[in-house]
Amino acid sequence: MNDKELIHVANLIQEAMRQLRKGRYLECMRQLGLFTSRFSDLAHASRKLGMALSHDWLVASEHTCKAINGHLTEIPYAVSKLQCLLDRRPKEVPSLCAIVDELRGLRDEFDDVAFNTEEGALCVVTDPISLEGVYLGRFRIALYLEKFAELYHKTAYYVMAIDPHPAAKDEAVTHPHVSNEMLCEGDGAAAIRAALEEGRLSDFFALARSILTTYNPDSPYVALSDWEGVSCYDCGYVMDEESSYYCSLCDNAICDQCSRVCVDCGEVVCGSCAGLCEICERSLCPSCAKTTCSSCESVCCDSCLTDGLCPECKQQQENEDEEHEDEQTIVLGGRLAGGGMQTQADHAPIQSDSMGEAAVSSGPIRG
Amino acid sequence: MKLLFINNDGGGFADYVHVSEGMKVEEFFREQMPGRKPEDYLIRVNRQPVPRDCVLQENDRVTLTPTKVEGA
Numbered sequence: 001m002n003d004k005e006l007i008h009v010a011n012l013i014q015e016a017m018r019q020l021r022k023g024r025y026l027e028c029m030r031q032l033g034l035f036t037s038r039f040s041d042l043a044h045a046s047r048k049l050g051m052a053l054s055h056d057w058l059v060a061s062e063h064t065c066k067a068i069n070g071h072l073t074e075i076p077y078a079v080s081k082l083q084c085l086l087d088r089r090p091k092e093v094p095s096l097c098a099i100v101d102e103l104r105g106l107r108d109e110f111d112d113v114a115f116n117t118e119e120g121a122l123c124v125v126t127d128p129i130s131l132e133g134v135y136l137g138r139f140r141i142a143l144y145l146e147k148f149a150e151l152y153h154k155t156a157y158y159v160m161a162i163d164p165h166p167a168a169k170d171e172a173v174t175h176p177h178v179s180n181e182m183l184c185e186g187d188g189a190a191a192i193r194a195a196l197e198e199g200r201l202s203d204f205f206a207l208a209r210s211i212l213t214t215y216n217p218d219s220p221y222v223a224l225s226d227w228e229g230v231s232c233y234d235c236g237y238v239m240d241e242e243s244s245y246y247c248s249l250c251d252n253a254i255c256d257q258c259s260r261v262c263v264d265c266g267e268v269v270c271g272s273c274a275g276l277c278e279i280c281e282r283s284l285c286p287s288c289a290k291t292t293c294s295s296c297e298s299v300c301c302d303s304c305l306t307d308g309l310c311p312e313c314k315q316q317q318e319n320e321d322e323e324h325e326d327e328q329t330i331v332l333g334g335r336l337a338g339g340g341m342q343t344q345a346d347h348a349p350i351q352s353d354s355m356g357e358a359a360v361s362s363g364p365i366r367g
Numbered sequence: 001m002k003l004l005f006i007n008n009d010g011g012g013f014a015d016y017v018h019v020s021e022g023m024k025v026e027e028f029f030r031e032q033m034p035g036r037k038p039e040d041y042l043i044r045v046n047r048q049p050v051p052r053d054c055v056l057q058e059n060d061r062v063t064l065t066p067t068k069v070e071g072a
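Residue numbers (the numbering used here), protein chains in the order written: chain A, 1 to 367; chain B, 1 to 72.
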């Protein structure tokens with residue numbers, strides 16, 4: 001920015017800061033409105049309770065009491081928010097000269113400073129940032145002047161990745177402490193708020209940069225150790241740690257598409273380690289894949305084996321058994337028909353008075 | 001002499017402090033930030049980087065901004 005642009009931008013910033021000062025009072029009024037509406041809700045609930053009691057509607061009375069309790073619970077929070085705003089010392093709007101000096105200081109502090117007229121945003125671009133060996137790229141910190149007045153209940157700036165290297169598990173996380181272009185200020189929140197309220201723009205951008213160049217392993221959106229994700233051993237798909245499975249045999253990471261679950265024991269294995277039931281083609285772990293048909297030695301899962309035989313062999317065995325039974329039946333039937341069977345009557349004496357008659361034994365016919 | 005001291009470490013307060021005449025920036029830092037290392041801060045006087053032996057003047061504006069701030 002040249003000096004002429006500096007003065008133009010300084011004017012815009014000064015106006016934005018006037019709006020911010022007014023914005024504090026507007027926010028006080030808004031919070032006060034929310035607070036007094038609680039009392040209206042309580043008054044309304046009180047009338048409802050009175051009506052319910054006058055009709056002896058005890059269930060309705062209980063419901064109303066619960067609603068009253070809910071309203072009362074929210075009052076301390078509303079009071080706290082309002083007091084926090086009221087306690088803040090009113091900040092004077094800096095002079096135009098002071099703001100110009102501030103912009104000059106900003107220009108000296110950062111290599112890339114620009115005012116985006118279309119967006120009405122004062123922007124600073126950081127140097128490329130790497131944290132613990134993970135390259136994150138450069139970031140653009142954009143302070144939107146029209147959002148300045150809403151500083152007390154909305155963010156006035158955004159942090160955008162210029163050449164994004166987001167976390168594998170979430171594209172919106174472009175930095176461990178940036179999600180959806182919003183910086184989670186952490187320890188810097190109070191200082192950033194104070195810098196913006198006082199128009200210390202150089203301090204604000206320097207603080208934002210300090211947060212971007214520092215890794216807090218205790219509470220990132222995504223930890224740097226999980227940043228690159230895990231690559232599936234079978235197909236190479238990059239996934240986040242939580243979505244990955246691990247082969248119980250070789251311990252390699254696999255995605256949910258490539259993971260195989262043994263149908264017999266439930267172990268998770270990769271495609272390389274998995275066996276296959278030759279009958280139903282379901283997956284088997286190497287241990288369960290040792291189960292085979294005792295006849296044809298096909299690899300089978302437990303549910304495809306019957307009496308140690310695969311369905312084909314079992315069927316074959318049953319067929320053989322049937323044939324064997326049939327043969328036996330035929331042999332027995334043949335002997336009965338062809339006179340090959342003898343009875344006791346064959347040797348019985350001929351009765352003199354009963355021609356052709358002979359005593360017949362009641363026992364079994366023996367052949 | 002009176003200086004405007006802006007400490008962006010923590011609450012980010014800005015206030016006037018009184019220091020002895022001829023005090024250098026390095027001494028000022030040690031006095032205001034005991035136990036801290038200067039290399040962990042951006043130290044600016046009147047919005048400009050200065051050497052450690054720079055002598056402070058009346059009504060100078062001294063700003064300390066930590067270079068490491070933990071986000072959440």
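Hint data in this document are derived by calculation from the structure and do not stem from the laboratory.
These numbers come from a predicted model, not from an experiment.
Be aware that a few hints might be false.
Dumping the calculated EDC-like pairs for lysine to aspartate or glutamate here, alpha-carbon to alpha-carbon at most 16 Å [stated by the list, open to error]:
#1 B/LYS68 - A/ASP87
#2 A/LYS91 - B/ASP15
#3 B/LYS68 - A/GLU119
Where chain A lies over chain B, by a calculated footprint (3+ residues, C-beta under 8 Å) [to be verified]:
#4 8-16
#5 28-42
#6 60-71
What follows is a list of derived Cβ distance ranges for each label pair [unchecked claim]:
#7 B/ASP15 - A/ALA43: 29 to 37 Å
#8 B/THR67 - A/CYS265: 53 to 61 Å
#9 B/PRO51 - A/THR73: 33 to 41 Å
#10 B/CYS54 - A/CYS97: 46 to 54 Å
#11 B/GLY10 - A/LEU26: 26 to 34 Å
Where is the CB? At the ideal position from N, CA and C, for every residue including glycine.
The hints, checked one at a time:
no., hint, verdict
1, B/LYS68 - A/ASP87, "violated (29 Å)"
2, A/LYS91 - B/ASP15, "holds (13 Å)"
3, B/LYS68 - A/GLU119, "violated (30 Å)"
4, 8-16, "holds (count 7)"
5, 28-42, "violated (count 1)"
6, 60-71, "holds (count 8)"
7, B/ASP15 - A/ALA43: 29 to 37 Å, "violated (45 Å)"
8, B/THR67 - A/CYS265: 53 to 61 Å, "holds (55 Å)"
9, B/PRO51 - A/THR73: 33 to 41 Å, "violated (57 Å)"
10, B/CYS54 - A/CYS97: 46 to 54 Å, "violated (23 Å)"
11, B/GLY10 - A/LEU26: 26 to 34 Å, "holds (28 Å)"
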